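Novice: Residue numbers (my numbering), protein chains in the order written: chain A, 44 to 782; chain B, 17 to 236.
Treat the hints with care, as some may be off.
Claimed, not checked - For the chain B half of the interface with chain A, some residues (derived, Cβ under 7 Å), not all of them:
id	residue
1	Thr37
2	Phe68
3	Cys129
Keep in mind the hints are simulated off the structure, nothing from the lab.
Just so it is clear, the structure is predicted and the values come from calculations on it, not from any experiment.
The beta carbon of each residue, even a glycine, is placed where N, CA and C say it ideally should be.
Here are the chains, one letter per residue:
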Amino acid sequence: MPGVSDLSPEPLHRALGLTDDEAVKIDEILGREANGLELAMYSVMWSEHCSYKSSRIHLKRLPTEAPWVLVGPGENAGVVDVGDGIAAAIRIESHNHPSAIEPYQGAATGVGGILRDIFTMGARPIALMDPLRFGPLDDPRSRWIAEGVVSGVSGYGNAVGVPTVGGEVVFDETYRGNPLVNVLCLGILPTERLVLGQASGVGNLAVLLGSSTGRDGIGGVSVLASAGFSEDDDGDKRPSVQVGDPYEEKRLIEGCLQLLDEGLVVGIQDLGGAGLTCATSETASRGGVGMDVDVSAVPRREPGMEAHEVMTSESQERMLAIVEPDGLDRVLAICERWEVAATVIGRVTDGGALRILDGFEGEVLAEVPAASLHEDAPLYDRPRSAPADPAGPPADDLAAPSDPGAELLDLLADPAWVYRQYDHQLFLNTVVGPGDDATVLKLRHPVTGEETGRGLAMSTDGNHRWCAVDPRAGTALVVAESVLNLACVGARPLAVVNCLNFGNPEHPEVMWQFSEAVDGMGDACRAFDVPVIGGNVSLYNESAGTDIDPTPVIGLLGVVDDLCSRPPGATLVDGHRLVLLGPDATSLAGSLWAAAHGATAGVLAPLDTDLHLRVAVLVRSLVVDGLVDGVHDVSAGGLGVAVAEMVARSGVGAHLARIADHAALFGEGPSRVVVAVDPERLTEVLAAAEAAEVPTSRIGLATGDRLVVKDLLDVPVDHLRAAHRDRLPAALGSGTTNR
Amino acid sequence: MATTVGVVVFPGTNCEMDAVTAVEGLGGSGRLLWHGDDDLSGVDAVVVPGGFAHGDYLRPGAIARFSPMMGAVARFAADGGPVVGICNGFQVLTEAGLLPGALQKNRGLKFLCQPATLRVETTASALTGRASVGDELSVPINHFEGNYTCDDETLARLRDEDRIVLRYVDNPNGSMDDIAAVCNEGRNVVGLMPHPERACDELLGSADGAILMASLLAAA
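Let the hints inform the model, and build the full structure from the sequences given.
Specialist: Right, here's the structure in full:
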């Protein structure tokens, strides 16, 4: 393997990102010294990104089971039964490091990869969501990254023909050197068609579908995704970023779904991180078989590629289908119709060995137990220790603002500049799209298109400020917020997927944060009876030695049992009463306002999970029964931002009283929802809250053309709307010239 | 017999089932027409739907116009059959020479997916026979290249011949003369950038597009 060994004067395994101990373990597994190709294959499969070697012992503590769970963590996507013979497949992934280096392609290929995970399960992808986190808006490089990432999601997602129906966009100092680009995909399938990525049947053929294999993305999982950034290395890592082609992916989706419709595949697996090595070893080991792979048969983009490059390339838009020999002609015909290249590159064998051959009858280039690549990776219980000084100066020491109105306006930012660039309506399912507390999609049968009268709801949430103050309590609050977001659109939660974005796991503080966050999530998910059905761990989010704040992102899937009208959303109607449902308890610790002043330490507001569930059930029933005409979860920015967003969206002013001070205005705490109630229904709403044992405060009236908070602020609605609307366009480019 | 609307599918098309859903919601019947075939199978009207035919490679519609199916659509149109191109379909129809003008990148150089208010400018077209002049309809747009342009002479003809079918009330993309839809001389071929099939259901936010889709069915 001269091509590999020339990479570096140090031992080959180290250049590939393997430790000395890992190299010894590989030799033990093989009972001999591994050759260069074998080391390359182990290095990608045993990378942090593929093997979860630092996180797996912690993830075991999450609840993963419920009667409606069809597939839990560990497969390409989690799957739940959503009724009417329909199953929903959902997955979330990060594409943080590629997006930091090459924002457009990094984000685009993130979208492409997550789509393949979903149709690998036999599901048609119907929706994407994109939780995005960038450095501050006044940093030119962060703006460049933000623009590129949004363009990449737009360019790929729109063209591949899957709507992007929600997400988040956050700008904060902690992401200056390391943005977070998470992508969630939802698909639906007839329950009986569930496909798992496994090979079986000795003599069956492995057919490589889609793009040819090039030198792009080599070592993406090991070199790029499983190490942090130093001061000046992003130029060096650019060749590890892949390049996406949504048109190829669109044809691949349609071709694969037709293969699945016609029952022509035994198993199917996408080629993502670790490329062919991952797809061949995982399908074989899941099926308890082996595979012979003819590396010379793999169509290549350029001449002179070596076997280790072909086996570890992360070229996009490729799938591996396991088919019976009798079905091959039909498979090739369908692929031809969709203009998808299809090449037999492997044969299923008995025994369990993955052999890489130069021609099926040619030289054996590598021979390893398939299962050892993804089951025998070392597990690490890395040292953990709580940081000495958790989050800087205490929030409670901040002086009261001299102009709370101006500070409120500074906290507002309408994400419309982002989501206007995404097709969020394709497939005619989007009842509530991006920009609201949660997304609502019609649930229609994936094959017949028949409406069920029900809906699916989804939200993505994260809050690094809370999690920096207290990763365990903060993560529980994030789960709680997700549950409430779904309640605000009339949905009940079914399952969680998570994307755990953390710093360098070799830093004991980071592993402590990770472990705490997992426990906070586990506790909250158990309390709310929502299993975790999948996730993605993204470590090494650091730049120049500084770790990002812990950022677990929660994707929550739920159902709307009777979808006969649109939920009211975060809006106001003139003359309606404003009522705060839920407790008064808030804290400035970890709040958006306090963070803007650089002091977030303290104690987060407590989460009473029983009360939280009562609030969620109450809000859901108020929305479903049509008793409220405006509803908004109180989250980042506290009550002030919640009401201001309702004002901005409706153009109707509000007069609030009984808000004592800036801490009550900007403080954040769980289980709180603002509702706008027709005066004639007020008694009924208050009675419902009392029956549910949910505290209420009548905080004011929606009216006029000003937002007035007694003794604190008085802002014209026009100013407020302009501040809300113009924040992102002013910083990132107008996007459209008529605004 | 329900009116049958053929919906053309190129590789990369993605709005074909949405068009079928809208047609069937109005009592019509939808039939997919594969780009490589050259037979319209007796449909009563044709929709060239939205998406990214052939990946928009070269430029939107530039490759799709050479397909056998577009030859069949051109013959159908020449015989007076109603043809509506929506979004990418409008781009295909201009590339195919069935409609004048071209669609260039939006003025703001960003993709835009948002509601638009359209004013009906003429009812003498395959898309607007059931509407009234001056009607204002809320129909979403979803495009990067929706900025309509043509030469001055063509614009003068479109105006003189009452061939500007829909205009934007608040121009989102820089289209010349606020044009959202135009028709051919025979008035049976119409192209529009907004998506009427996405506005046929109040639950999705607007049902204002239904009158346009119903007009197409009535024209068949």
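Novice: Which numbered conditions among the earlier hints are violated in the structure presented, ordered from lowest to highest?
Specialist: none
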